[in-house]
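Participant: Residues per chain are reported as follows:
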Amino acid sequence: MNDLPIFQSPICPLPLAHHAQVTIGHGSGGQLTHQLISDVFQKHFNHPALTQGNDGALIDLASQTAQQKLVVSTDAHIVTPLFFAGGDIGRLAVCGTVNDVAMMGADPKYLTVSFVIEEGFPIDQLEQIALSMSSACAEAGISIVAADTKVTEKGKADGLFISTTGFGLLPAGRLIAGDQARPGDAVIVTGSLGNHTIAIAEARGNLGFQSGVESDTAPLNHLTSALLAEIDDVHVLRDPTRGGLATTLVEITRQSGVTIELDEASIPIDQPVWAACSMLGLDPLYLANEGKAIVILPEAKASKAIEVLKTNPYGRNAAVIGRVVNVEKARLLLKTPFGTTRVLDMLAGEMLPRIC
Amino acid sequence: MTEYQSMPTRDSQRTLQLADEIRRVATRCWNIMEICGGQTHAIMQYGLDQLLPPEINLIHGPGCPVCVTSLEAIETALQIAQQPGVIFTSFGDMLRVPGTSQDLFGARASGADVRVVYSPFEAVKIAQSNPDKQVVFFAIGFETTVPSIAASLIHAQRNQIQNFSILPANVLVPPAIRAILSSPNNQVNAFLAAGHVCAVMGYTEYEPLAEEFSCPIVVTGFKPDELLTGILMTIHQLETGTARVENAYGRVVTKGGNLTAQTMIRTVFKPVDRQWRGIGTIPLSGLGLRSAFSAFDAVRRFQVDASPVAESSVCIAGQVLTGVAKPPDCPAFGKACTPTSPLGAPMVSSEGACAAYYRYQKAN
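For the record, the sequence lines run as chains Y and U. Going left to right, the first sequence walks through residues 1 to 356 as the numbering used here numbers them. Going left to right, the second sequence walks through residues 357 to 720 as the numbering used here numbers them.
These aren't lab readings, by the way, just hints derived from the structure by calculation.
Lysine-lysine pairs mimicking DSS-like chemistry, simulated, CA-CA at most 27 angstroms apart:
1) U:Lys481 with Y:Lys156
2) Y:Lys43 with Y:Lys154
3) U:Lys626 with U:Lys481
4) U:Lys579 with U:Lys611
5) Y:Lys329 with U:Lys691
6) U:Lys626 with U:Lys611
7) Y:Lys335 with Y:Lys304
8) U:Lys682 with U:Lys579
9) Y:Lys154 with U:Lys481
10) Y:Lys310 with Y:Lys335
11) Y:Lys43 with Y:Lys150
12) U:Lys682 with Y:Lys329
13) U:Lys579 with Y:Lys335
14) Y:Lys335 with U:Lys682
15) Y:Lys156 with U:Lys489
16) U:Lys489 with Y:Lys154
Here are some chain U residues the structure puts well away from chain Y; computed CB gaps all over 12 angstroms:
17) Asn519
18) Pro530
19) Leu537
20) Gly606
21) Lys691
Backbone N, C-alpha and C fix where the C-beta goes; we use that ideal spot for every residue, glycine too.
Working from the sequences, and respecting the hints, build out all of it.
Facilitator: Below, the structure written as structure tokens:
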């Protein structure tokens, strides 16, 4: 009688329960996805509308919308590297959208977030970013009410992309927009310019020296709401992000059909930023900011506005930098310390360092 | 950090005093050429031309390294960049300069690995961390960029970094001054020599030029007061009929220059004839690799050959670069030719005369 051959039972390898990296399975919609959401995201984002786990957030606006309008803004955030002095992609993704809503004169309330994660992304970094988003939300006083994660195959995304959409409430009768600048208005900037771009350049290793400059990434909604509580005829609020102060003001001159004249000597720029710009051949007026606002309001209100802005830590370097002069031509002028004047225009493309 | 400080006022009082002095001493019309694109940029940025009396006419010279790099060199760069396994590196400005059909940014969008670097050593580092790739550095610029390129090649040779090479396209200032002064159309009465170039090379090589062409040459810096000091010194010479080399940038430049840098340059490079975009070939105005370093020549390594290509017929870049015409004299200026769609190289780089004019056009 032949002995039955002894079969070794097939081995079914147990899936690893803990991953140090995001794998493609984290995007499957199955257990790994749920694990990622509960371990990384729900741990830090815990608004009931989100933790209920439905397909959408249900928000009762009835109590708060009497006579108010809804402001919605959306933004995708891509930054290399993901972590830099003064912030990270998470803080940037929250503040960028909060600020866009705040620049409409609205009070940001809710945020939705969408993550596109590249396979292999370290989970601990993801959690660090989620934590950073959570603390930026707490600082801004807003809640993440809906979120989504997708995982791409390795090589199809640069680590992590974050899209956010913000919702805010605008009191009835308040009109703040790029086409509202009027002759006789003062132009204010809430702080020194260019820090974000220089911090990113340093984090990329492009400076070749240590500038000590930190990104200014910050939520500005408390700053703007304090300002709007004191001054009811602010005409324009705008955050000079990509393209910097000059590009943003050129946009406003075109929207409002006015000439704006800036006084170069009064534009606040930190010395290390100025030094880095001089060495690299960059113009600080065209560098991105992530925690600054341009405020345009009647000149008579300018000193009160500066006083209010300076009480907020993000506005302590606020300064009047120019004025809206006339409606003849939509253009931006810069008066140099020598009394000469030049026209500032938008950049043709990416700002590139000069060679010598 | 982030203690509030305003932008430096750049010695505005001294600058205004110098402008007064220039108005006082200038009795005749003089054409002064600033040779360096960085100086053109500063003049336009601070509106210094607005401070000068109408007699003083500043002419913007061919000192923008991006502008004078020949179309052939750019075509060669594009051909090399598009080869498989190549990482092509360049200073940023160069990426937007149009070749015949596209620029290096376009090549990058089509899949070529083109990277902006801030120094040639960064390119060497990329070569070391990508041993399976060929890393090519686009060697453009005047005498200012040459020492670091030479040093990177000496380093690469010493450390046997086989996958690094350069596309030689460096140019020299004195032969360009000679070409301008020798031209029958020349209108330039005096030159501001480029301070940073002289910091490397010193200024003895300008003395024969000043003497031969009876042309004052003043080594000049880049800050507003330094530029006006240089202009004032040339006017003094012009008004008194003298023609010699003077140094208005003594805080940085010595007569002999940086001898260590010069030795490095001589070790690696030798003068060769070079084509300047919009101007033509200027004898011994470029730097080619000596035979000991010819293994690092990307043109040899990749066996590329860009045939001569014609420039736009409307663009008057050559006349702008030699000071015969000003950018607004060009029929295409600000119309068919803008920084977003440049016809000629001077509209590309922020150092280019056309781009500087376009960007910092006078308020009226």
